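> Listed below are the residues making up each chain.
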Amino acid sequence: MDSLLARISRGQLWPSPGGVHPPVNKSQSNSLPIHILPLPPRLVLPVKQHIGAQGHLLVNVHEQVLKGQALTKPHANWSVPVHAPTSGRIIDITPMPSAHPSALPELSIIIEPDGEDRWCELVPHPNYRELTAERLVDILHFAGISGMGGAGFPTYIKASTKQQIDVLIINGAECEPYISADDVLMQAHSEEIVRGIEVLRHLLQPKLTLIAIEDDKPKAIAAMEQACANIDDMQVRAIPTKYPSGGEKQLIQILTSKEVPAGGIPADIGVLVQNVGTMYAIQQAVELGKPLIERVVTVTGDTLAEQRNVWALLGTEVKHLLTQQGFTPEPMQRVIMGGPMMGFTLPTVRIPVVKTTNCILAPSEAEMPMPGEERACIRCSACADACPASLLPQQLQWFAKTKEYKKLEEHQLFDCIECGACAYVCPSEIPLVQYYRVAKAEIREQQIEQIKSERAKERFEARKERLEREQEERRNRHKRPRRSTEQDSQSKEKVAEALARVKRKQADKSDDKDKVAAAIARAKAKKAGEQLEPDNSDVAQERAARKEQARLYKEQKQQSGTSEPDAKDDKKAAVAAAIARAKAKKAAQAEDADAPAQDDKKAAVAAAIARAKAKKAAQAKDADAPAQDDKKAAVAAAIARAKAKKAAKAAEAGDTQAETSGDVTTPAPEQSPEDKKKAAVAAAIARAKAKKAAQAAAEPPTEQYADADTASSEAQSPEEKKKAAVAAAIARAKAKKAAKAAEAGDDTNPPAPEQSPEDKKKAAVAAAIARAKAKKAARDAANNSDDEDPS
Amino acid sequence: MMILFYALCAVGILALVFGVILGFAAVRFRVESDPIVEQIDAILPQTQCGQCGYPGCRPYAEAIANGDEVNKCPPGGDATVKKLADLMGVEATPLAGGEQAEPEKKVAYIREDECIGCTKCIQACPVDAIVGATRQMHTVLIDECTGCDLCVDPCPVDCIDMVPVAQTKQTWKWQLQAIPVTQID
Amino acid sequence: MKLNMMSSPYKHSHKSLTTVMLMVALAAVPGILAQCYFFGTGVLIQLVLALVCVTLFEAGVLYLRGRPVWHTLQDGSAWLTGLLLAVSIPPLAPWWVIVLGCFFAIVFVKQLYGGLGGNLFNPAMAGYVLLLVSFPVQMTSWLPPAELMHHQVSLVDELAMIFSNYTQSGYSLEQLRSNVDGITMATPLDTLRTDVSHGLTVAESMTKPVFTETAGLGWQWVNAAYLLGGLLLLQQRVINWHIPVAMLGALSLCASIGYIFDSGNQPGLAFHLLSGATMLGAFFIATDPVSASTTNRGRLIYGAAIGVIVYLIRSFGGYPDAVAFAVLLMNMAVPLIDHYTQPRTYGHGAKS
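Line by line, the protein sequences are chains A, B and C. The numbers in the working numbering rise by one with no breaks, and the one at position 123 of the first sequence is 123. The numbers in the working numbering rise by one with no breaks, and the one at position 74 of the second sequence is 74. The numbers in the working numbering rise by one with no breaks, and the one at position 101 of the third sequence is 101.
Quick caveat, the hints were computed from the structure, so don't treat them as lab data. None of the values given here were measured: they were computed from a predicted structure. Glycine included, each C-beta is placed from N, C-alpha and C at the ideal position.
Computed Cβ-Cβ distance ranges for the label pairs, DEER-style:
| hint | chain 1 | residue 1 | chain 2 | residue 2 | range |
| --- | --- | --- | --- | --- | --- |
| 1 | A | T402 | C | L231 | 30 to 40 Å |
| 2 | B | A7 | C | H198 | 32 to 42 Å |
| 3 | C | T19 | A | M332 | 16 to 26 Å |
| 4 | A | S3 | C | Q236 | 39 to 49 Å |
| 5 | A | A462 | C | L112 | 50 to 60 Å |
| 6 | A | W311 | B | D143 | 38 to 48 Å |
| 7 | A | T328 | C | Q74 | 30 to 40 Å |
| 8 | A | R10 | C | T19 | 35 to 45 Å |
| 9 | A | M332 | C | T55 | 26 to 36 Å |
| 10 | B | D143 | A | T132 | 33 to 43 Å |
| 11 | A | W14 | C | L231 | 23 to 33 Å |
| 12 | A | E121 | C | K2 | 43 to 53 Å |
| 13 | C | Q74 | A | T402 | 22 to 32 Å |
| 14 | C | T55 | A | P33 | 55 to 65 Å |
With the hints as constraints, model all of the structure from the sequences given.
Next comes the structure, spelled out in structure tokens:
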């Protein structure tokens, strides 16, 4: 780098590829001195005017603010504050159209100036060299300075780079036609700019500082040369006028012959580029304590009576700038924020000036004719000759039109700086840059989509795995081999208990809740009292007893000779297992006052399940699909249980006592407010009934329909068909009754005054569910009857 | 006559030699490429919504590999149909069901006032984008939601809305139609 | 107030497509004038015929394709194709030759490949080759320079010849082309080639009246005129220097090497450069942007290869002039050349 540095400081310049020479058109605006505008009627300050995050708001609506007062506070990384450009009152903080090609609204602070222009307290640091680097960077940060050349990169981040900077380049090139803001700033304030550069040099300690100015600005060159005449290692470099030599990458190439690596930043090659306007802002912030509140804006275009540069307060609406310069709009008027090559059109003149606005261009039709119609590309490669990044624009255009995104990336679409030189020279007037912008946006969106879909796929796979795992576990619970683990023995014991219970229940069909409770209590006691190391002898005895029981049971079953012994077994086992599982879970929780009540409830539920099972078992004799029935029964039982639980919970707002489930007719040992119980019970009844009806109606191979379906699917005699129709009618009627019951259930829910709003809501919700279910049941019943239309 | 014999021999030997070379090259320089199902799956948008009739994107990918139609994926839009058609070498037919040009991006939103905590939607979501538990509040993780619509039906109180994703400056895209451009093709 | 929205950039250099095509046509005028001076005004009649035909055919196809007819015609590319074809064929060729050539060039080679910008082959050259291969007699019936012609022809004669195969006085084209001794006179390239194949040396052959000191009589001035037009195009930045310089450079190199090794049978540098369609090809035909390579490095390769092929076919091939074949052959290679000669983008590779 050293010999290169030597060559650079000797004044050598290198050529950059491509580039065009559009007519300069700066003389309209650069002959007049910078004008100070009167205060606009209001200022619209976007909270974020840079690349990064917005700061936290420090102010509220209707607050009075002083000039230079901080309105936001930086918090996250890359957040830069904004300051009040003048004293006044905040009239609103709301989303307003932003200074962006999309004009999408972004949060803005609207200030009404009070005309007094009172500064807040300023803290100047004329002896900044005595400050630490961190303090100095903080001053830059809190002064709200971000890049004013057009990108809006937070300056404090560049100023605090950890990489070694060899060449500091101050960009005064201003290559775009019409814009002369930097030109007049350099002519008027060259001293301040140089002092601002000194601050940055103090922070970065570069070996060489170059101020690059295009050679069509002789006055600015002279002014800057005079200002830095006595400073070592700071030189003014006049570069040949060509668009776009003022682009950061191109400027580095011209001044140092080095290229910024793709995807990298200039600091990677030891170079830092800053705009002259930013330097002025740094000087104002450090030496005078003034935050960034205004900037020079070129207001130009033949539709204006007077074209000149102005000091515009940040937040000034474009309308104010234009009317101050005598704007007479034409039909099909365009107002461009930026220059003619890279600016964007505004949808309205009520867009504010932000930190990156350097020009407002309001051209007449004669000055900038509307583009002609796009023609076919003739592959003349005038665009490739003009491209400063040595891309192949016509290839990019072919691929962008056919949406070949992979090819676009291979041809380095993302290295395009969107300077517009290619579209400028295209004989067929193809809007090349527009195609690239659209393609870039598409590719970025695709990349985001790709990431999202990867995530979605991962989550889906994970979920599938989880479900399979749970299913495996469920299956394994069934056929877990007998191992002498305490968990195993526990559950087996419970199963046996449950079997015994169920058998007894079936035998005498009585509510032996107490017995169950006793059994449960026994189990619980055992569980509570046990230690980690069980007494094996007890367990062994138990096991033997269990084996005996199981064998007896099996013999009994064999003798009873039901049509589907296996099915019954499975069914019972499934139900019992479900019960046992629930019990184990409950038993594993800590005991408290609720426990016995919960157990009571559970017992009641178990009784209910038993009853339901019995009913289903009776019907199961005709079933064609026993396994399905069993599962259904289990599911129905589980659902009923859950519903009962919920009903109970709904009823026990604040009560520590558990209520009975809906289906159970036995009263609970404890009583609670009548109304609540009634409401909960009624709702639960309705729910369960509706659910059952829905289930019964919705699933074709149910007990009721099994006959009907098989009948209709085969060619049957008219009699059988009639039977099928009858069965369908019965089902319909049942569903209707269930629906009515649900309705009735609603009516039995009187809004009692003791009911809390929560309960009311819950009851209402439950009723709604019931209604929906009933509706669905009715609909399904109707559907089914349609299906089985006897011919 | 002998010439004919010699000629036939020569050509036969040449054919043999080249056949051996080709066979060797086919084995030695074999390029392991993605099985076609993986490639198809990579193109599909992974919303796992089931609108194609298959329970997830992977089963549909397998079905396409076995010859199923490529135009059954509405969330993928026409772009996906085209890519699949290119990959499978079939013609790109328009989307089955006549879908509009750009399927709008939506995410689910649960109106928490009405949620009863039944976990039905949680069970329905193919990517587990709903957080919640029995009798606890359910809510949708917007970043994970693919907008597949599968949670709307199971909800017993119908409290899930599909809300279009708002556009921000970061997601705003340049549109070709916004400027007066006539495309030649 | 409603503001118009557009995409940047908002200024344009205003070198439009029509301008480019018109400038190429203008630059061909010196050459056409030279042709008129030496070989009669038949070329003008062919030119008029060609322009009428291309307009009709292009309009017809555009209408069938549903494209805006006048707007597309306005870009002038069809007229340029017609012009180039008209100056490439013998000036007194029958009228249907040019009509067929235009039809093939416009409809098949240009429009059926997608219109302007979509054709793989140079339309004028593809049309020329079709005619040359299908109608060899008519396509090789070049008139000798006017001063060598035994019978003078007027404009009316030319019209009659083109449309009825006989002049007003009743002469056929064969008769017009024969000299006093009744031997048909061919183009310089053709003459040289025939003589060399009969065993004459180049020096001996070039004593014939159809030759001058350096190259063919009349033809050398036509080529010089096209060179002038080409330089004009270069100065106006309508074409890039890469293709003409590469083509002429390669041709010169090959011709010089050939002359060094076999001066008896090889005519040498000046002859190659100034005879046949060399200059027309270098500046007007090979530089057709649609069918040529698009990268600058690729253009160098493309032009050089055309030069080499022209030399090879002229010296060892079956046709006297080879520009059309060389251009078509290289058109086929353009996608490959483009693929391998992409420029290095800023920030990638070497210097970063």
